[in-house]
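*Asks:* Below, each chain spelled out in residue letters.
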Amino acid sequence: MMRDKIARRVAQVPPSGIRKFFDLVANVEGVISLGVGEPDFITPWHIREACIYSLERGYTMYTSNYGLPELREEITLATKRDYGVDYSPENEVLVTVGVSEAFDLAIRALVNPGEEVLIPEPSYVAYKPCTIFAGGVPVSVPTRAEDEFKLLPEQLEAKVTPKSKVLVLSYPNNPTGATMSKRDLEAIADIVVEHDLVVISDEIYDKLTYEGKHVPFAALNGMRERCIYLNGFSKSYAMTGWRIGYALGEAEVIEAMMKIHQYAMLCAPIMSQKAALEALRRGNSVVEEMRQEYNRRRRLIVKRLREAGLECFEPKGAFYVFPSIASTGMSSEEFAERLLREEKVAVVPGNAFGEGGEGHVRMAYAASLRDINEAMSRLERFLSR
Amino acid sequence: MDKKEEILKLLEADARLSAAEVAKAVGLSEEEVAKAIVELEKSGVIRKYKTVINWEKLGREKVAALIDVKITPEREHGYDAIAERIMRFPEVKNLYLVSGMYDLSVLVEGNTMKEVATFVAEKLAPLPQVTSTTTHFILKKYKEDGDMLYDGEELRRLAVSP
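Protein chains in written order, with this note's numbering: chain A, 1 to 385; chain B, 1001 to 1162.
Treat the hints as calculated values from the structure; they're not laboratory data.
One should not assume that every hint holds.
To be verified - Under the rule of at most 30 Å between Cα atoms (straight-line distance), these lysine-lysine pairs were calculated in the DSS-like manner: (1) B:K1057 <-> A:K213; (2) A:K207 <-> B:K1009; (3) B:K1093 <-> A:K182; (4) B:K1093 <-> B:K1057.
Note that the structure is a prediction, hence the values are computed from the model and not measured.
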């Protein structure tokens, strides 16, 4: 008999709820999917073309571990221009293989075994497993629909212990569409200072904010040195498959992350870095066009969900709605499974996003107006049965 | 962007959207949208609703040619009188006054090459103000009015992703 092959740290993490649902959807024909966590736009042509050109010119080699100097320069310029936060392109930027890698690096660079990572839930599915893989202990902090899924200081305070080290923020939020205003964030910053926490702020949806102005956590007074600021190109420039993102922070922490990155990844692919450079230099008008299109879809889907009788917090950012399905008496998995089988509409059960997600489903409105309309008509039929 | 512009953008991409559908996307009532559309139609901002058709797929190949036309402009009328005369021919699909080596750029469409050639020889070239014509037959259409006429690009997303 062979001993346990798989490390306990890995074996203890259950398989992804989204993965399970994906397998289910793959077996049904003619599905309208609102289960997709990526834009329905293809990367703008000028960005693709810039990558093709760079290949023609022979850019096929490793880059600096930190990333191409001109890309780091452009990232810091954009961050300063958009939000007034200043980072040095020399040693305060790390170009990564998507924000996913950046998050993993940040957690591994910060967390000692047994230290606690505070994760507001419902949340993106990777934070908890990455924390466990790094030897940390994830601690869920609930957020609720009646509070617009904002992280409230008292909810956070209640979960802080002497072992707390890191707080994860991700606004605009996947799956709820919640955002945090400057004032909301300031209340959190007080707790961060009081308990000497480090914040990992995943702001991948920053450009997709529909009400109010996005404020990066690092822009708050005194938070730059306590924050690792993560962002990338996947959502705003429709570049998910390129796997390209970045981390910004003080030199000490960026260097620590780079230490892991240089041995695990070496560098982000040069073709993706070249494309990202083009996106930053000439992609802004396209971002705004896509944002306006998402905004139209957001209004449509919220309206139709409410007409169909589901209670629904109106999302302020990202491209998800997270309606409550409590009124149906079904669990989120049962709801999603039956909606798929009976009406061929794919949504993601809320329990995939942590404890607070039960009683909800996530619908992505990164789909055409026509598909959204058709999906909502099918949903109405499903609910009136 | 103001609401009128948003309505126009939606209709430009899909003219078959109903007022109710447009209303939900722009956050107005159905009546408000219907009223705005009527106004836009009346004021001529919306000229008409058309369908982009790839006739080749039906096997119904039309023949089109771009014709460079040199003109002797007329006293008092410049190019306008002759342009107005040319644009009344139903064979003429597009007509532009352009700068450069020639004056009018005319897109002519017909059922056969002979039809187009006859139009040029018997109607266009004999006009007294026309000093010369150069006819370029269109061999293949790649993009028309901003729409690509081929199926090379499609969305390839997984059905469910985090």
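*Asks:* Indicate, hint by hint, whether the structure satisfies it.
*Replies:* Verification of the supplied hints:
1. B:K1057 <-> A:K213: violated, 48 Å
2. A:K207 <-> B:K1009: OK: K207 (chain A) and K1009 (chain B) at ~21 Å, within 30 Å.
3. B:K1093 <-> A:K182: violated, 56 Å
4. B:K1093 <-> B:K1057: Cα-Cα ~21 Å, so holds.
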